[in-house]
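Asker: Residues per chain are reported as follows:
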Amino acid sequence: MPRKQIHLAAHFPGVNNTTVWSDPASGSHIDFSSFQHFAETAERARFDFLFLAEGLRLREQGGEIYDLDVMGRPDTFTILAALAAVTDRLGLAGTINSTFNEPYEVARQFASLDHLSAGRAAWNVVTSWDAFTGENFRRGGFLPQEKRYSRAKEFLAAAFTLFDSWAPDAGIVADKETGEFWRPTGEFSIHTDQFAIDGRFPVPRSPQGRPVILQAGDSEEGREFAASGADAIFTRHGTLEAGQAFYADVKGRLAKYGRDPEDLKILPAATFVLGDTDAEAQERARHVRYQQVSPATAIKFLEQLWNRDLSDHDPDGPLPTVDPVVGENTISRGRASVRMYKDPIATANEWRALAEAKQLSTREVIIEVTGRQNFIGTPQRIAEALDEFVQADASDGFVLVPHVTPGGLDEFADTVVPLLQERGVFRTEYEGTTLREHLGLKPAPTTSGADF
Amino acid sequence: MDRLLPRHHHGLSRRPSLTIESHRSEHRTEQRAADMTLHLAVALEGTGWHPASWREPEARPTALFSADYWAGLVQEAERGLVDLVTFEDTFAVQSSRPFEPDDRTDQVRGRLDATLVAARVAPLTRHIGLVPTAVATHTEPFHFSKAVATLDYASRGRAGVRVRVSSRADEFALVGPHRPSPDLGTDDTRAELFAEAADWVEVIRRLWDSWEDDAEIRDAATGRFVDRDKLHYIDFAGPRFSVRGPSITPRPPQGQPLVAALAHREVAFELVGSSCDLGFVTPGSAADVAGIRAQIPGSPLVFGDVVVFLADTASEARERKARMDAHLGRELVSDAHVFVGTPVELADLVQEWHAAGLAGVRLRPGSVDHDLPQVTRGLVPELQRRGAFRTAYEADTLRGLLGLPRPTNRYAAV
Numbered sequence: 031m032p033r034k035q036i037h038l039a040a041h042f043p044g045v046n047n048t049t050v051w052s053d054p055a056s057g058s059h060i061d062f063s064s065f066q067h068f069a070e071t072a073e074r075a076r077f078d079f080l081f082l083a084e085g086l087r088l089r090e091q092g093g094e095i096y097d098l099d100v101m102g103r104p105d106t107f108t109i110l111a112a113l114a115a116v117t118d119r120l121g122l123a124g125t126i127n128s129t130f131n132e133p134y135e136v137a138r139q140f141a142s143l144d145h146l147s148a149g150r151a152a153w154n155v156v157t158s159w160d161a162f163t164g165e166n167f168r169r170g171g172f173l174p175q176e177k178r179y180s181r182a183k184e185f186l187a188a189a190f191t192l193f194d195s196w197a198p199d200a201g202i203v204a205d206k207e208t209g210e211f212w213r214p215t216g217e218f219s220i221h222t223d224q225f226a227i228d229g230r231f232p233v234p235r236s237p238q239g240r241p242v243i244l245q246a247g248d249s250e251e252g253r254e255f256a257a258s259g260a261d262a263i264f265t266r267h268g269t270l271e272a273g274q275a276f277y278a279d280v281k282g283r284l285a286k287y288g289r290d291p292e293d294l295k296i297l298p299a300a301t302f303v304l305g306d307t308d309a310e311a312q313e314r315a316r317h318v319r320y321q322q323v324s325p326a327t328a329i330k331f332l333e334q335l336w337n338r339d340l341s342d343h344d345p346d347g348p349l350p351t352v353d354p355v356v357g358e359n360t361i362s363r364g365r366a367s368v369r370m371y372k373d374p375i376a377t378a379n380e381w382r383a384l385a386e387a388k389q390l391s392t393r394e395v396i397i398e399v400t401g402r403q404n405f406i407g408t409p410q411r412i413a414e415a416l417d418e419f420v421q422a423d424a425s426d427g428f429v430l431v432p433h434v435t436p437g438g439l440d441e442f443a444d445t446v447v448p449l450l451q452e453r454g455v456f457r458t459e460y461e462g463t464t465l466r467e468h469l470g471l472k473p474a475p476t477t478s479g480a481d482f
Numbered sequence: 002m003d004r005l006l007p008r009h010h011h012g013l014s015r016r017p018s019l020t021i022e023s024h025r026s027e028h029r030t031e032q033r034a035a036d037m038t039l040h041l042a043v044a045l046e047g048t049g050w051h052p053a054s055w056r057e058p059e060a061r062p063t064a065l066f067s068a069d070y071w072a073g074l075v076q077e078a079e080r081g082l083v084d085l086v087t088f089e090d091t092f093a094v095q096s097s098r099p100f101e102p103d104d105r106t107d108q109v110r111g112r113l114d115a116t117l118v119a120a121r122v123a124p125l126t127r128h129i130g131l132v133p134t135a136v137a138t139h140t141e142p143f144h145f146s147k148a149v150a151t152l153d154y155a156s157r158g159r160a161g162v163r164v165r166v167s168s169r170a171d172e173f174a175l176v177g178p179h180r181p182s183p184d185l186g187t188d189d190t191r192a193e194l195f196a197e198a199a200d201w202v203e204v205i206r207r208l209w210d211s212w213e214d215d216a217e218i219r220d221a222a223t224g225r226f227v228d229r230d231k232l233h234y235i236d237f238a239g240p241r242f243s244v245r246g247p248s249i250t251p252r253p254p255q256g257q258p259l260v261a262a263l264a265h266r267e268v269a270f271e272l273v274g275s276s277c278d279l280g281f282v283t284p285g286s287a288a289d290v291a292g293i294r295a296q297i298p299g300s301p302l303v304f305g306d307v308v309v310f311l312a313d314t315a316s317e318a319r320e321r322k323a324r325m326d327a328h329l330g331r332e333l334v335s336d337a338h339v340f341v342g343t344p345v346e347l348a349d350l351v352q353e354w355h356a357a358g359l360a361g362v363r364l365r366p367g368s369v370d371h372d373l374p375q376v377t378r379g380l381v382p383e384l385q386r387r388g389a390f391r392t393a394y395e396a397d398t399l400r401g402l403l404g405l406p407r408p409t410n411r412y413a414a415v
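Those protein sequence lines, which keep their order, are chains A and B. In this text, residue positions in the first sequence follow my numbering: the first is 31, and each later residue adds one. In this text, residue positions in the second sequence follow my numbering: the first is 2, and each later residue adds one.
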């Protein structure tokens with residue numbers, strides 16, 4: 031059996047503490063030149079796609095704007111359309127949420143992006159969770175938890191109806207002799223629990239038919255949602271065993287939707303730290319962790335679990351002796367991760383046990399428990415580890431998350447990618463022109479309905 | 002149509018600049034450097050502004066959905082040192098009727114999102130301003146504020162937005178179910194829609210200022226990336242939307258990208274005066290300019306719109322337009338003045354309108370693949386020969402080209 035081919039995506043460094051802004055190599059997080067550099071590196075290395083996350087309100091902690099992380103993002107559609115001009119084959123993936131948008135407008139934007147990039151658009155569908163973000167939107171407002179997924183499903187189904195409202199090669203005739211420009215098409219009528227829209231879709235069917243659909247989410251609902259119609263799913267399963275379990279579970283759900291295992295790619299997020307020797311890489315990784323968790327950041331993380339003001343706490347001292355405030359997390363807003371702390375007192379006790387066992391300060395505990403460094407070592411070691419991970423069916427590839435803007439991908443592109451290519455598990459040239467082709471996906475269906 | 006043309010002999014049309022200056026002296030009420038400079042804009046719409054232009058021999062109707070088409074047009078405009086291009090947009094499929102869709106099959110239908118087209122072109126151009134159309138009544142000001150800011154980053158300071166309202170019932174049916182279509186075409190509704198547009202502009206402007214220019218501090222000593230005292234909630238509350246802010250996008254290179262609107266009547270003149278940096282108006286002749294100008298409060302730049310059909314000889318231009326009119330089945334009707342003639346004759350009109358008090362003109366090419374090169378390779382060299390138009394771009398930003406300063410931030414401490 032031939033070795034599985036690895037798929038690689040490049041995550042533009044996010045607005046969180048994974049991204050190190052204090053490094054001398056760290057450049058602008060908003061200038062177009064940074065995005066262009068990052069995209070050009072990804073394309074030079076023959077990556078499948080570039081990925082942009084989204085957050086529609088600046089985070090707050092303790093009632094104030096959170097000021098310790100990199101901040102500032104471009105508009106997703108606009109920056110991807112601009113990047114389409116400076117790249118030729120690289121897929122362009124944007125995160126667009128279904129709560130603070132209209133399906134007609136989003137479908138028009140994605141169809142336009144797919145035309146303007148000649149078939150390279152991808153959509154990471156997310157839901158937003160709070161009225162906090164909704165304060166920025168006319169249609170924002172609060173959606174109860176159970177309505178968020180139903181809105182996402184209705185939203186995506188509506189968008190698919192719109193994408194498919196022009197049959198392939200139908201519509202534009204442009205016969206100068208007869209004077210017939212088009213045969214009117216694109217009619218739709220969508221009436222669901224949350225939408226009631228009628229009209230004609232104004233964009234002819236785009237090169238990919240629909241953008242590639244990405245989904246992030248580990249919940250039961252999220253897995254089922256992805257299995258039913260997404261083209262790729264992002265995960266956080268960094269270990270081989272956890273990755274294999276997730277892989278088997280999600281791929282196993284495809285058959286009941288009439289889909290094949292290769293119809294859904296599983297792509298865990300992965301960070302990496304390279305070095306000329308393994309020891310050097312480990313030392314660099316340790317340095318990065320201290321950059322990522324400054325003393326001030328350590329206190330903020332502590333507050334997120336403790337759910338109280340700990341601004342006077344010494345980051346180099348032991349963990350607080352008081353217990354976390356149990357109940358609704360009110361200290362941090364606009365941040366998904368605080369919901370992970372289901373039993374704060376139990377978690378605090380785990381952290382205390384860890385501090386006791388390893389003799390760690392508060393900051394060192396935070397460094398230890400928030401660490402998400404997956405691949406550390408020489409280019410050779412990392413290439414082997416990535417390959418092994420994919421061949422062992424723990425994933426189909428990775429979404430790489432560099433920690434420096436904009437050059438954080440350069441070293442990987444220059445040293446690891448050639449080794450993957452030597453191993454015969456990563457393309458040396460793009461074979462197709464569309465993202466769907468890069469990912470080895472079948473052409474999009476031309477009729478909506480069954481998918482969601 | 003011919004009666005509307007200035008029909009000067011070539012020799013006579015090269016008026017001494019003294020005449021222009023003496024005209025100008027009557028309009029000295031608003032003195033600023035920008036007033037002296039003639040500005041040119043080109044309005045891009047499909048294959049051109051004549052509904053039958055897609056049938057012209059040079060027209061490329063099947064290329065309308067490709068990036069290369071738009072990039073090529075904007076690069077041509079940039080070759081002509083044009084100040085800016087606007088990109089038309091509607092929320093729904095185009096219609097020949099003002100308040101409802103039509104069922105015509107003989108005109109261009111379907112289009113790409115104008116903001117994304119502009120963004121796609123931005124990295125491929127260097128100097129020209131990029132002004133996509135936004136439909137204020139059906140879009141989120143928070144999204145559009147960051148979209149135009151991002152266009153400003155991607156173009157390194159050349160972004161603007163032309164704001165319009167929707168007056169079509171079928172456009173109201175594309176979003177919702179929250180919002181029934183108002184009784185369109187009435188004065189009350191028009192006033193309400195324009196008031197919403199003014200609120201929309203107010204929100205996008207506040208959001209552009211919601212980050213002070215020096216908010217990013219990267220202070221390693223305290224671990225702070227930003228100085229949060231330089232980020233501002235905008236706390237806008239209006240009847241249609243409330244927006245808290247700040248933006249997620251830092252203040253764009255121009256500080257305030259250009260805001261423009263097309264105006265034919267009072268409520269729109271009000272929007273131009275109160276909310277915009279630039280207004281497009283539709284005088285029938287130079288004699289109308291002063292009257293229109295007087296209805297616009299404040300001192301925004303004002304350009305006159307002209308639909309242009311150009312050729313090396315006036316008779317050829319008339320033949321071209323006549324052929325398109327024949328395909329249309331009637332003579333073209335436009336909200337703007339329709340000019341048919343040579344680039345030299347158009348130069349006369351442009352200078353006449355400029356002298357009458359307009360900062361410039363926005364040219365709507367009748368058939369873009371023919372009439373845009375006529376502008377860039379005919380009109381522009383003629384104006385340059387008369388010393389009336391730039392011979393090189395003199396600024397790197399759109400505001401700079403228009404002689405507008407980079408505004409101070411409304412939230413910055415004085």
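These are computed hints drawn from the structure, not numbers from a lab. In this text, a Cβ means the ideal position worked out from N, Cα and C, and glycines have one as well. Any given hint might turn out to be false.
[Said to hold, decoys possible] Computed footprint of chain A on chain B; a stretch qualifies when at least three of its residues, placed anywhere within it, have a C-beta under 8 Å from a C-beta of chain A:
1. 97-107
2. 133-142
3. 218-224
4. 393-403
Asker: Look at each hint and say if it fits the structure.
Answerer: Okay, the hints, checked on the actual structure:
| no. | hint | result |
| --- | --- | --- |
| 1 | 97-107 | holds (count 4) |
| 2 | 133-142 | holds (count 4) |
| 3 | 218-224 | holds (count 4) |
| 4 | 393-403 | violated (count 0) |
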